[in-house]
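Asker: Each chain, written out:
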Amino acid sequence: MTSATLAGLAVLLRRIGGGTIAAIVRLGYATRFFLAVVRHSPSAFRRVQLTLREIYFAGVLSLIIILVSGVFVGMVLALQGYDVLIRYGADESLGILVALSLVRELGPVVAGLLFASRAGSAITAEIGLMKATEQLSAMEMMAVDPMARVVAPRFWGGMISMPLLAALFSMLGIFGAYLVGVKLIGIDAGAFWGNMRAGVDFRYDVLNGIIKSVVFGFAVSMIAVFEGYIAQPTAEGVSSATTRTVVASSLVILALDFVLTVFMFRGLGV
Amino acid sequence: MNRSTIDLWVGIFVTIGIGAIIFLALKVGNLTSVSSSPGYRLEANFENIGGLKLRAPVKAAGVTVGRVEAIQLDPKTYQALVTMHIDRGYQFTKDTIASILTSGLLGEVYIGLDAGGDPQMLADGGRITHTQSAVVLEKLIGQFLFSKAAETPK
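Chains as they are written, first to last, in the working numbering: chain A, 1 to 270; chain B, 1001 to 1154.
Incorrect hints may have been included.
[Stated by the list, open to error] Here are the computed distance ranges between Cβ atoms for each label pair:
id, chain 1, residue 1, chain 2, residue 2, range
1, B, E1108, A, D83, 17 to 25 Å
2, A, L79, B, Y1078, 42 to 50 Å
3, B, D1124, A, L79, 42 to 50 Å
Don't read these hints as lab results, they were simulated from the structure.
C-beta atoms are modelled at their ideal positions from N, C-alpha and C, and glycine is treated no differently.
Next comes chain A alone, as it looks inside the complex (with noise of 0.2 Å):
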């Protein structure tokens, strides 16, 4: 072995070890960070007004694009449904279809990954700009926290409105079956919604798809808050805590989905 491939595995074993070590700093950071949001926590609830503004950012506006794809959504998978139960003559049993879909899956996963790409780069692109702009060191100079001022109510804003935006897109996705289902293709009405109420239970459907849409909420947001509160004060820096917030925020999403998933709905027989 030549002495120039030696030098070549050695930058590369430097590499790799510089990575991984960055990486744990990283995650230490990152709980360091989520310990003091927790503590900061009373005061975003102590001056309710900052965090009211935050859902308004986080949830009103994004009110439109989740009611819209969430009617969209739904009219495909009633289509795309029907065109398979059809086969077996099971078309009746597109309402329990569309609801557990929406409900256990994709209302939540959905609603997660546009609110990520909505609100999430929008809470980082802000926490950065302030940062770039040495707002942040401005507001510690006047003795305030921006951890009090501008985190805890950010993340607080996002992870009460991810919950209700979950269930906003599972109601407008059942809507839009509907719209499909029954009045666009014919089914019958009653054989819809009977069929929804018997094979869609609380605890088990509608209840984990909720703690579900809480756990996603509070992973975008995390993610989105920190993001922005770490990132480089620099133009640059802004837009790519942008995009590795959603980028890491969706790859979450998808990851925490399936590990849920195993264990909400594992032990029901199916």
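Fit chain B to the known structure of chain A by using the hints.
Answerer: Chain B in isolation, oriented as in the chain A frame:
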């Protein structure tokens, strides 16, 4: 944007969000028949439960009166021990027959209860003694083939 407008919009958002959760609970998921609802338990032994699953409905005359709560194998008799959760308000006689049925050829498997004429009613934790196992298609075909084979020599 001033404060009261934000408050208004957040109020609307939270209201319709909670409305959506209530819609999912009441219209989509049948909150009125969750297994934690008041009711009582009945047990039954079956030779074979076929494709019966947890949360399968328990029906009497086609009306859903409860759900299957637990399925176990009795280690002594090697029979399946099925625990059913019956909604309060439905009483069944001591000589009720429980059978495992299928709705349609591909439909769901459920337990059908046929009440008898006994004046005494089953209480919480009571056991249904008269049971009818699931019809296993392979066994039926097997019996049919054997009987055919027995006929042919004549």
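Asker: So which hints don't hold here, by number, going up?
Answerer: none
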